[in-house]
Amino acid sequence: MEKKTPDSQVIVVTSGKGGVGKTTTVANLATGLAKLGYSVVVMDLDIGLKKLDLILGLENRVIYDIIQVVEGECSLKQALVKDKRFPALYMLPAAQTRNKDDITTTQVEAICEELKPDFDFIFIDCPAGIEQGFRNAIAAANKAIVVTNPEVSAVRDADRIIGMLESADFKDIKLLVNRLRPEMVRSGDMLSIEDLMEHLCIELLGVVPEDRSVVISTNRGEPIILNEHSSAAHAFNNIVQRLLGNNVDLMTLEEDSFWRKLKRNLGFKN
Amino acid sequence: MFEFLKKVFANEDNSSRNKANDRLRLVLTHDRIGASSQLMETLQEEIIALIASHVEIEGTPEVHFITEGRRTALDISIPLKGR
Ligand SMILES: Nc1ncnc2c1ncn2[C@@H]1O[C@H](COP(=O)(O)OP(=O)(O)OP(=O)(O)O)[C@@H](O)[C@H]1O
Ligand SMILES: [Mg+2]
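Residue numbers (this note's numbering), protein chains in the order written: chain A, 34 to 303; chain B, 0 to 82.
The hints are simulated quantities; they were obtained by calculation from the structure and are not laboratory data.
DSSO-like cross-link-like pairs, simulated, lysine-lysine; straight-line CA separation at most 30 Å:
no.	chain 1	residue 1	chain 2	residue 2
1	A	LYS207	B	LYS18
2	A	LYS84	A	LYS37
3	A	LYS133	A	LYS117
4	A	LYS50	B	LYS18
5	A	LYS117	A	LYS68
6	A	LYS68	A	LYS115
To give an idea of the chain A side of the interface with chain B (calculated C-beta under 8 Å), a few residues:
no.	residue
7	ASP192
8	ARG193
9	MET223
Every residue, glycine too, gets a C-beta built ideally from N, C-alpha and C.
Use the sequences and the hints to build the structure in full.
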């Protein structure tokens, strides 16, 4: 595989709270970048509770895992799973029957160093929580994407995580808001992007709307970014562009616009 | 008609979104400095007692947390009695 950029971006995707969309984010951003020809590897550090292989649809191709790599049972190259759809996309699987303490920060750093010469992007899928799994996941990264949902408990955890990343001297921390429902924001029943920015005070990387097709794509093992008609795919594509340093305006999440609402209230059908 | 206008321009003040913002403001301030809301009262009492042991206080002292970005500061305002 050919690397396109001299440096490698090592990006940890983290959140504190579970289930907010870290793995979905990793799978989609990695796929989006690989589609553009960048060489990308995703590292699943959710050891014991792996999901990335399922979301990427690579579960049947896994032979070795990251713990076997650090224990010397196989080489790093042998453990990397290649995505059949994109020759530039690889996954380093987590071990399902081990736990987060079976690998150290030093070992994660060593693996990343070994991957850097071959990859433009290294994504690290961080487990929920703030324990060893989190420390391992941030150890080798130089950038962090904090995923949150517009919901009080997720924002509180995101704030804690941002504080911990700052203490660990992270300079590049960006926020990804997932599962936004614009119509709920408008009716005053969901925190808005402005609200989240006011609370968390970090740079916004992107906003992914709530989208039913994410569930469908997860069922199929095909990242949503490959489904051009979905709004979540549009959002992930924009984020891919921003990671490449291109300025893309925030998408207008206006499916339920003022005028539509007005018409509906006046008794018109959409 | 009025009902519907009210619906369109959703009443901000008692919306669940506003409630969420208020709760977050408070809880994040406390989380960040690693203290409970109880601490505010204790701080206020102790600071005032300390100042009062040296100079005479006039009026109502105020102690607040203020946030600037992700940083928190203590904002203390204690009016002193002139001679
Ligand atoms: N934008 C979205 N719209 C609808 N559903 C979504 C969206 N993003 C994620 N989901 C769903 O939310 C669930 C959790 O997502 P995901 O596994 O990516 O979260 P996670 O943060 O990695 O969770 P964990 O902490 O358990 O690792 C999945 O079932 C996924 O399909
Ligand atoms: Mg996950």
